[in-house]
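Add chain B to chain A, keeping to what the hints say.
So the protein sequences, as listed, match chains A and B. Just so we're on the same page, the working numbering is the position in the first sequence counted from 1, plus 5. Just so we're on the same page, the working numbering is the position in the second sequence counted from 1, plus 16.
Using 25 Å as the maximum straight-line C-alpha spacing, the simulated SDA-like pairs for lysine to any residue come out as follows: (1) B/Lys143 / B/Arg376; (2) B/Lys181 / A/Ala159; (3) B/Lys181 / A/Met148; (4) B/Lys181 / A/Tyr145; (5) B/Lys181 / B/Ala150; (6) B/Lys181 / A/Arg147; (7) B/Lys181 / A/Phe141; (8) B/Lys79 / B/Gly161; (9) B/Lys181 / A/Pro144; (10) A/Lys139 / B/Arg180; (11) B/Lys332 / B/Glu450; (12) A/Lys139 / B/Leu178; (13) B/Lys614 / B/Leu741; (14) A/Lys139 / B/Asp184; (15) B/Lys181 / A/Pro156; (16) A/Lys139 / A/Asp129; (17) A/Lys74 / A/Leu27; (18) A/Lys74 / A/Pro162; (19) A/Lys139 / B/Arg179; (20) A/Lys139 / B/Gly185; (21) B/Lys614 / B/Ala748; (22) B/Lys332 / B/Ser308; (23) A/Lys13 / B/Ile511; (24) A/Lys139 / B/Ala176; (25) A/Lys139 / A/Val64; (26) B/Lys181 / A/Leu143; (27) A/Lys139 / B/Thr174; (28) A/Lys74 / A/Asp129; (29) B/Lys181 / A/Ala140; (30) B/Lys143 / B/Leu538; (31) B/Lys79 / B/Ala150.
Label-pair restraints from in silico Cβ distances: (32) B/Ser212 / A/Gly100: 37 to 47 Å; (33) B/Leu538 / A/Arg171: 30 to 40 Å; (34) B/Gly248 / A/Leu104: 36 to 46 Å; (35) B/Pro75 / A/Ala67: 53 to 63 Å; (36) A/Thr214 / B/Lys974: 49 to 59 Å; (37) A/Val17 / B/Gly161: 51 to 61 Å; (38) A/Pro162 / B/Pro75: 42 to 52 Å.
Simulated from the structure, these hints should not be mistaken for lab results. Backbone N, C-alpha and C define an ideal beta-carbon position, used for all residues, glycine too.
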Amino acid sequence: MPFDEAVKGEEVTAPGGHRAYLISTTPQQVDSSYSCLADQLRGTLTLSQSGLCRALERVGLAASEPGQKMLFMDLETTGLGSSPLFLVGTMTWDGQSLLVQQYLARDYTEEAAAIGLFADRAADCDLLVSFNGKAFDLPYLRMRAAATRVPMLAELPHLDLLHESRRAWRTVLPNCRLETLEQRLLGRTRDGDIPGRLIPEAYHEFVRTGNAARLATIVRHNLLDLLTMAELMVRLP
Amino acid sequence: MSNRDKSEAEYVAPDRPEDMRRLLDELSASADYAGQMVHVRQVASREGRYAEPATQLTPPLQKLLRERGIERLYSHQAEALDAFRRGEDVVVATGTASGKSLCYVLPMAEALLQDSEATALLLYPTKALSQDQAAGVAHALTAAGLDGVLSGVYDGDTPATLRRKLRDGGSVLLSNPDMIHAALMPQHPRWSRLLSRLRLVVLDELHVYSGIFGANMANLMRRLMRVCAHHGSSPQIIACSATIANPDELGEKITGRRMRLVSQDGSPRGRRFYVFWNPPRVRATTRHSRRSANVEAHELMAFLVQHGVPTITFSKARMTAEMIYRYVCEKLARQAPELVSQVTPYRGGYLPSERRQIERRLFSGELIGVSTTPALELGIDVGGLDAAILVGYPGTLASFFQQSGRAGRQERDSLVLLVGLDTAINQYIMSHPEYIFDRPLEQAVVDCNNPFVITEHLRCAAHELPLADPEQRIFGPHTQMVLEILQGNRKLTRIDGAWYHAAAETPQHEVSLRDRSDANVLIQDSDNSQVLGEVDKFDAPPLLHPQAIYIHRGDTYRVRELDLDRRIALVERVDVDYYTQALGGSDVHHIDHTLREKPFGSGTAYWGEVTVYSRTYMYERVHFYSLDAVSRHGVDLPTMQLETMALWIVAPETLMEQVRRAGLDVHSGLRGIGYATRMLLPMFITCDTLDFSHTVGSANSPWNAVFIYERYPLGLGFTQRAYELLHQIMPAVLEHIRLCPCEEGCPCCVGKPLRQYSTWNVERGEAHIPSKAAALMIMEGLLGDMTDLEMPEASSFADTEEGLRLRLERALRRRLERHREPQLFHPIQPEPRTEYPAPENPATLDQADVARRRHLRADIEKQLRRHLVGKMGGTGLAANAPRVKPPSGMKRRSNKPPGHFPGRPERRSEKAGVDRIEKRPMEDVTQPNSSSTSDTHESSDMIRHGDPLAARARKIRKRGRADEAPDS
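One chain only, chain A, in its complex shape (with noise of 0.2 Å):
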């Protein structure tokens, strides 16, 4: 499949010079479900006794302040360790509406301008939003922003819902993978999504063969985490 079917987006050129792939989309395009995430999300921001204002406190920001930005982060890379990324999902959220923009990087020369983007994208934003990113996706940026020689990003407030998930979750379920969670909180699961281990593979056979079917599974697999980030949020107890 051509990449130009697969994927629907424009090109970006960040502030070096380089050039990378921009996606956005919004939640009602996804699915017509996703259409009042952004009023439940707004609904439970303005309840001062929720879950989630509470877990906003706990990282430092007075929940009760509208006009917040949200910066929603989750990163796809092409290998364990400390190999490339080559997918920087951000989702933002003004107050208003919810707006997912992916940064790809079609090939292994666009991760800087990925990365760049991302790290604009993030410098107007007041709260960073991730599923274990304090671990994972953050310092991995960092490493890779050194690797790329990018500057590196400021501190942001970062809320890290897979440590909300267990502070709340951990006594009913199994577990805290974001699987078991939408499975069991959110009930459904996904169709046609690709393994999280076969991604590394399936990218480097996107750059390869150009045959982007399954780059696409990996676009859609990242969307969903994104938006069910937004979800969980809105269920914190």
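Coordinates of chain B only, in the frame set by chain A:
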């Protein structure tokens, strides 16, 4: 060394004899002395030379020296410091115990004092060495007032919390190349703090980085320097080496920098006596004629220890180190029981904590005798030893002097005893001391551009940072070709003028710097689950077969169980008065691929890949001391497989015929040639005779091919070197056999005799009863008038540059194919890009004719029964009814031949003294025969005549063939 630590200065041995000469006289005057001292050489003492550095040391550094008890610097220490201050990279090559560590500790401390943010990386070839040096380095830093500086050992044993602490705040990192390669390099961005401020890289024991390890090390350094440049630093390098012929050249190859050589040793040295000690002949025969060197060595060691001389004994194998220790203890127990506790064994297999303890006790002077393997050869500071006993020539001059250097300190006399083994090289040295003293030291050879080596490192380098085109020159002339091959193998890809890693795995974790498999077998005490040590899997069966006696720190353990799948050997403590000696051996089973070929004399020489099978099928119990074999027992162990490189020489059939007509045993002559060649190889290549084995013939080679193969997985490149030097080696072998004074062959030329039940014993270099006359005749016939020994390669390409390149490329592709193993995240991509036939499946090569025939027969029987039952409707065939399935729980007996066990190849017997006149044609019953005569013959072989079943079977088969015929 005038700058010794205090702990040692306090130690004063009771009545330690100052004069070694007197001690030697006493030794030769004893009743047991039988003229063993064949050569005594005295090396005069040397005064210390001191110097001041060009600029005065700062007060903190002066304090550092004072704390170490040093008043003045030796000249080489000052010279190294001055060179470092000028910004030069330095290689220091001075004698053992000449204060080399100060040559890098001083510049390091000075650099850290000047810039509190600076960092340093200290690399030692082994974990043990870095742990040994850590305390000293930390102590020096404190003494220089650098209290806030964090230093520590970063290796596989470092706990995760300390690793993070060192990564985020450490200034001085002590580590080993393997750790840097596998842990730091793949994660280098996380280490950017340390790497960006790196001021100094120290390579201790530089001389160790030779051969394949050196080539790997050189490429690791290229990668490290590349990553440092990325993080914005350009560290200086200080390397320390033992005395070898070319320390500066080696340093330049390893580091890729121009090095300043500091080799004028300024440390003082006392008189040194080298004594060559040849065990006396106890039998008049040519075989096993001399007294055991181990027995001689233990007597010498006991003698020295009783005279208060701190002594270290080096022997080659773990087993012998333990045995000598045991002998010494028992002798001391009779003569001076109070000394028994002051002697210890020390070898590689011990656990780190045990080693630390032994080192501490040695250093403090609590121990005065140590029996060791070459593990202690490297610069572990073991303190004041005055005598070294070397059991057997260690293989290289550098090693010889390194081991000798363990004895002797400051102005004291020291003594080095070389005890000769009953082998070719040792006996040669015993009668030719000039081989040791009048020969230049060995060159350390490093082929850092070796395409096989850079293949792996280019993958790593691209993984660490994309490899831009201009950077290719760092890795030498073959880079372009290798990169293209790697792209074909889907490991790398080229985008916009740079090479990127294009696979999911972390290549650093697939590449070992030492090229030894890390599949080790753990030895565990079943009583307390304590791990006693580990050995390589390929070497495990002969050492750890069930019922084997394993000696650990002088105690005997019996192996209860050897589990090769889980890689654990369970042992239990027993007291026995024997040790065990495995019988069996290894040989080339088949050739996988011939990579090079050239006419050599009247025959042909080849180099290529082979598969070696090693079997242990019996062991004998040998009584301590008397060395009598008490009993023999069988063991049932799987055959071990080893893929490695070999060189083989095939002499023409006509020559074989001539030898046979002369009434000589060809096979035995060929084995003799193999043995003699293997024994002389260390004279041409830096290697050890135990790195090789030899055999004659294999499953798919001419029967008279003489193989010399390497005992390491995929080889270390020794045989290729030997293949290239064959025109020098083989004439020397002929000369050596011809000049040997023995009449019918001896261990010094063509080999040792065959032991009962043993076809060949690799450890001892034993072979078929060797025939010297046959060996000589074959060699003379092969070499002829020595004119056509340097022939061009026989290959489709001429020996042009293009041809060489093509051949290399083929070999590389082939090697990568072999390497390719399924990875969790990287499934095999079929589609080899080479024109090679797949290597023959060992399973089919394994399968013996008998097994195949039985299998076939069972098949026909089954068909027949089915057919008959179908025809007769299941009645009236009671006797021949299809076999009923046995009740559950009962197993039908397998139809494997008795004595069969997995992997054991069935083979023709090779009896001593019987020549194989012709090769028996391989019977292949799977192919339908064309002529009817052979058909009946074959059937009679399978199914007896007169058997009604057989008659029907024949009929069915005939019909079947008639049906098939029209198709074909």
